[in-house]
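Go ahead and model the full structure; you've got the sequences and the hints to work with.
One line per chain: the protein sequences are A, B and C, in this order.
Numbering that gives the first Met the number 0 applies: residue 0 is where the first sequence begins, and numbers increase by one.
Numbering that gives the first Met the number 0 applies: residue 0 is where the second sequence begins, and numbers increase by one.
Numbering that gives the first Met the number 0 applies: residue 0 is where the third sequence begins, and numbers increase by one.
Be careful, since some hints might not be right.
To be verified - Quick list of simulated restraints, FRET-style, between CB atoms:
hint	chain 1	residue 1	chain 2	residue 2	range
1	B	R2	A	A34	31 to 39 angstroms
2	C	P30	B	R233	55 to 63 angstroms
3	A	T26	C	P30	25 to 33 angstroms
4	A	D116	B	L80	53 to 61 angstroms
5	C	P176	A	A119	21 to 29 angstroms
6	B	R252	A	A34	41 to 49 angstroms
7	B	T164	C	A19	51 to 59 angstroms
8	C	P30	A	D113	40 to 48 angstroms
9	C	P30	A	A128	32 to 40 angstroms
Unchecked claim - In silico SDA-like pairs for lysine to any residue, Cα to Cα no more than 20 angstroms straight-line:
hint	chain 1	residue 1	chain 2	residue 2
10	C	K174	A	D85
11	A	K135	C	E25
12	C	K174	A	A82
13	C	K174	A	K174
14	A	K135	C	L311
15	A	K135	C	T26
16	C	K174	A	V83
17	A	K174	B	F137
Please keep in mind that the hints were generated in silico from the structure rather than gathered at the bench.
A virtual CB, placed ideally from N, CA and C, is assigned to each residue, including glycine.
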Amino acid sequence: MKRFVDLADMERDAVLDLLALAARLETHPEPHALAGKILGMVFFNPSLRTLSSMQAGMARLGGNSFVVTPGQGTWQLEHRLGAVMDGDRAEHVREGIPVLASYCDALGIRAFADGKDLAADLAETQFNAMASLVDKPFINLESAINHPCQALADWKTMNDLAVPTSGKFVLSWVKHPRALPLAVPAATLHMAAQRGMEVVVLRPDGFALPDAIMDKARRAAAASGGSVRETDNRAEALQGAQVVYAKEWGSTRHYGDAAADAQLRQGLGDWMVEESWFGGAAADCKVMHCLPVRRNVAIADHVLDGPRSVVLREAHNRMPAQMAVLHRLLATSR
Amino acid sequence: MKRFVDLADMERDAVLDLLALAARLETHPEPHALAGKILGMVFFNPSLRTLSSMQAGMARLGGNSFVVTPGQGTWQLEHRLGAVMDGDRAEHVREGIPVLASYCDALGIRAFADGKDLAADLAETQFNAMASLVDKPFINLESAINHPCQALADWKTMNDLAVPTSGKFVLSWVKHPRALPLAVPAATLHMAAQRGMEVVVLRPDGFALPDAIMDKARRAAAASGGSVRETDNRAEALQGAQVVYAKEWGSTRHYGDAAADAQLRQGLGDWMVEESWFGGAAADCKVMHCLPVRRNVAIADHVLDGPRSVVLREAHNRMPAQMAVLHRLLATSR
Amino acid sequence: MKRFVDLADMERDAVLDLLALAARLETHPEPHALAGKILGMVFFNPSLRTLSSMQAGMARLGGNSFVVTPGQGTWQLEHRLGAVMDGDRAEHVREGIPVLASYCDALGIRAFADGKDLAADLAETQFNAMASLVDKPFINLESAINHPCQALADWKTMNDLAVPTSGKFVLSWVKHPRALPLAVPAATLHMAAQRGMEVVVLRPDGFALPDAIMDKARRAAAASGGSVRETDNRAEALQGAQVVYAKEWGSTRHYGDAAADAQLRQGLGDWMVEESWFGGAAADCKVMHCLPVRRNVAIADHVLDGPRSVVLREAHNRMPAQMAVLHRLLATSR
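Next up, the structure:
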């Protein structure tokens with residue numbers, strides 16, 4: 000493996016192999032596997048879990064890491080090709096990224112969506128331009144439309160909890176004060192489809208996922224024996240669900256239009272996960288979320304603090320999942 | 000030892016054992032004692048000594064560490080229970096803290112006092128709420144009303160300098176442009192009392208330490224054979240003193256009232272440590288301070304740059320003192 | 000070697016030895032050479048290459064490092080002697096710097112020029128005051144008037160590319176939106192002179208390098224058999240050049256006067272490196288730059304993306320060059 004950018008680049012069996020390695024490293028640490036190896040990470044956007052679990056994961060495998068945060072201790076980086084750089088941005092990614100790559104054995108980049116032009120975000124224009132400048136093993140730490148580290152950890156979490164691979168998985172839109180990127184919903188949808196699950200996207204009018212995202216997930220479902228559909232009927236969606244994966248995202252009908260997005264979500268206050276969602280139809284249903292989560296906006300306290308919630312387990316699984324990725328990218332064959 | 004939160008949680012003999020370990024690690028390093036161990040640190044407030052000495056101390060014992068600074072590369076964290084999180088804070092400590100704890104072998108947290116409600120600060124409400132979410136070895140990197148790492152380093156410094164355990168220790172209020180927290184004065188007072196010293200709190204009117212802090216120190220003094228009293232008479236306090244520990248803190252009479260506090264400190268310009276304080280009555284007296292110190296506001300240049308000052312030694316002792324704590328929390332018995 | 004502050008402190012042969020070590024470490028890593036050693040770094044100014052290459056270099060030699068960034072997670076530090084510290088700066092370098100030095104085995108400091116008083120900047124007043132407080136091996140990570148890590152990496156780059164030691168080296172002023180410090184031009188000029196090259200400083204009227212900088216470089220040239228002169232005639236300068244080292248700096252005629260500096264650079268738009276500069280007179284000429292570089296302001300895209308540019312190699316060489324410095328400062332003789 001040379002790049003970990005999108006679970007869709009991997010055959011389902013290759014993902015299963017990676018998950019097996021994650022499970023093995025969790026119980027049988029290899030404290031010298033990456034001795035002398037260095038991971039560089041560039042965060043164009045804030046991070047808590049990725050920042051800390053990546054550093055901890057490298058250290059647990061005997062490696063080291065360094066972190067660069069443009070705008071904090073480092074200047075802002077320019078992305079535009081052909082730019083006349085007479086403004087605030089002191090360095091272009093065409094220099095900055097290959098230079099950082101030259102100091103480390105693997106480079107990870109986090110760069111969120113611009114949230115203005117849906118086609119550009121779906122095409123991962125900015126992220127792919129940076130990725131193409133890296134001639135080392137490379138990790139997507141969350142891009143405009145993907146978050147493979149999160150998806151791998153979530154898959155592991157469902158395996159840990161013995162959620163059937165053919166189980167019903169509801170990806171439900173939930174409320175948030177602002178429009179958030181499509182990275183996690185797109186990655187989650189594809190992961191559940193690739194796992195072989197019966198996937199239902201539950202979302203209000205105006206928040207349908209783009210065709211490109213749905214079609215890609217349907218192709219994964221077709222290959223794995225799963226299925227993908229969407230609805231705005233909560234009762235029907237939750238019937239028999241094993242998992243509700245709550246996630247916030249911006250209106251796709253008004254992509255990049257904050258005012259129209261805000262107006263659309265005015266009447267959607269009941270899109271917060273509460274115990275009353277489950278009833279008899281989904282008694283044992285687990286609630287997942289990638290975190291950070293707005294308590295009492297996206298999910299009620301009593302759900303997060305109750306037995307349905309597996310959000311801490313998901314977050315913890317970031318570390319062994321990423322250790323498997325790092326191991327596969329960097330460990331010397333012996 | 001599972002937690003290092005307050006020296007008052009430990010018997011005096013246990014502190015002496017810890018100090019013996021600190022002295023041993025200073026002269027006989029154990030570069031592999033914490034191999035493979037990871038310390039996570041969360042700084043809700045700025046740090047220079049704690050940040051660097053903790054990282055250096057872990058590295059000297061063969062371990063690793065990661066640092067999370069909410070608001071800098073990581074979003075702000077919410078503390079309030081039951082909050083409807085529709086504002087700026089993206090994540091609750093109820094998720095953030097246990098997640099970070101799940102990546103490391105020990106977690107340290109720094110969270111200063113709010114400085115508004117004395118009872119809440121004395122109760123360590125916010126800090127204890129976070130501490131209760133951690134199921135790993137845990138370190139107080141400075142809380143509303145405590146700073147055990149500093150206190151341990153200061154105790155070691157007095158041992159290094161052969162200051163008698165029954166010596167006279169004056170904790171003197173000194174000037175600062177603003178009201179500062181009670182963490183260091185409270186921790187210092189208790190440390191000196193627990194060491195068995197004759198402790199005098201020297202402070203102007205309006206700056207008496209709260210009863211809860213004084214009473215706790217008196218209990219420690221009773222157990223160790225020391226004593227604790229307070230005064231505003233500088234000449235009497237300094238008579239025969241072995242140590243003046245200079246420290247700034249806010250008015251306790253006007254706790255949380257910045258305007259009243261500022262007015263009270265207007266006339267207190269002579270509460271700056273100068274050579275003239277000592278004279279014949281305390282000729283060999285040492286001057287201590289936890290740093291950072293405002294030169295020529297709290298302590299005059301000529302004192303800090305002269306032979307009385309042991310502030311650099313105190314700061315250096317943070318490292319071996321904390322190495323002892325980390326060793327006790329994390330080293331596997333062999 | 001106890002300090003790495005200025006290449007001018009070293010005999011030419013000692014620099015050649017250091018470069019030989021850099022080349023050796025590049026091909027024959029020594030992953031345990033600095034086991035247990037700790038590098039502390041204080042960045043008063045932003046960094047990308049220095050920050051990451053230093054951390055990576057220490058890790059590749061088996062050591063560890065910590066980073067302190069005053070104003071980001073740490074308070075601002077005061078430099079002025081005798082200051083009454085009743086303002087924003089919470090700690091004086093007279094405490095902060097020796098404390099940090101006491102936690103590590105070598106300390107590095109980056110502190111740019113104030114850019115107001117040329118004599119004070121040329122005298123390295125602020126930097127030397129801090130350096131004098133450090134009793135450990137010490138590294139200049141860029142000061143008001145020097146950048147020895149960059150200069151060493153650039154020298155290595157020319158060796159790697161087999162640029163003759165007697166070759167023609169043109170240090171050319173190039174455009175930038177603002178006045179930048181003299182650190183890199185001064186260090187580069189001295190490095191090329193010390194290497195023994197025919198050095199030409201090409202700069203517009205008002206941007207002549209200060210006599211102190213020119214004279215120091217001339218002394219190095221005299222010792223190495225090289226030469227140093229200046230001109231504003233581009234065609235003559237480029238004739239037969241093996242290297243054009245592009246660099247931005249502020250007007251020395253109007254040092255510290257931003258308005259006059261800005262007016263002076265208004266008519267200097269053609270001071271951007273373009274392919275047309277080279278023609279037949281310097282067909283094989285390489286283009287160097289320390290980075291970060293403003294694309295299409297200082298150097299045109301087509302030059303940076305073309306075969307003349309060796310800027311990525313220079314940046315990469317920061318790591319092995321600094322590894323040699325760290326090795327010389329910290330490795331125990333065996």
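Tested hints:
Range check, R2(B) to A34(A): about 32 angstroms between beta-carbon atoms, so the 31 to 39 angstroms window is met. Between P30(C) and R233(B) the beta carbons are some 58 angstroms apart, a value that agrees with the proposed interval 55 to 63 angstroms. Judged by the Cβ atoms, the range 25 to 33 angstroms given for T26(A) and P30(C) holds: they are separated by roughly 28 angstroms. One distance hint, 53 to 61 angstroms for the beta-carbon pair D116(A) and L80(B), is violated here, with the actual separation near 41 angstroms.
Checked against the hint of 21 to 29 angstroms, the C-beta distance between P176(C) and A119(A) comes to roughly 28 angstroms, which is consistent with it. Taking 41 to 49 angstroms as the suggested C-beta distance range, the pair R252(B) and A34(A) does not conform, at roughly 58 angstroms. Separated by about 57 angstroms at the C-beta atoms, T164(B) and A19(C) satisfy the suggested range of 51 to 59 angstroms. Checked against the hint of 40 to 48 angstroms, the pair P30(C) and D113(A) passes, with Cβ atoms roughly 41 angstroms apart.
The hinted range of 32 to 40 angstroms is satisfied by P30(C) and A128(A), whose Cβ atoms lie roughly 34 angstroms apart. Between the alpha carbons of K174(C) and D85(A) the distance comes to roughly 10 angstroms, so the proposed pair stays at or under 20 angstroms and holds. For the hint pairing K135(A) with E25(C), the CA-to-CA distance comes to about 17 angstroms; that is within 20 angstroms, so the pair holds. The straight-line distance between the Cα atoms of K174(C) and A82(A) is roughly 15 angstroms, inside the 20 angstroms bound, and the hint therefore holds.
Using a Cα cut-off of 20 angstroms, the hinted pair K174(C) and K174(A) is violated, with the two alpha carbons roughly 49 angstroms apart. For the given pair, K135(A) sits about 15 angstroms from L311(C) by alpha-carbon distance, which is consistent with the 20 angstroms threshold. Our distance criterion of 20 angstroms between C-alpha atoms is met by K135(A) and T26(C), whose separation comes to about 18 angstroms. A C-alpha spacing of about 12 angstroms is found between K174(C) and V83(A), which places the hinted pair at or below 20 angstroms, so the restraint holds.
Between K174(A) and F137(B), the direct Cα distance comes to roughly 35 angstroms. Violation of the 20 angstroms bound is thereby established for this hinted pair.
Checked against the numbered hints above, the structure breaks hints 4, 6, 13 and 17 and satisfies the rest.
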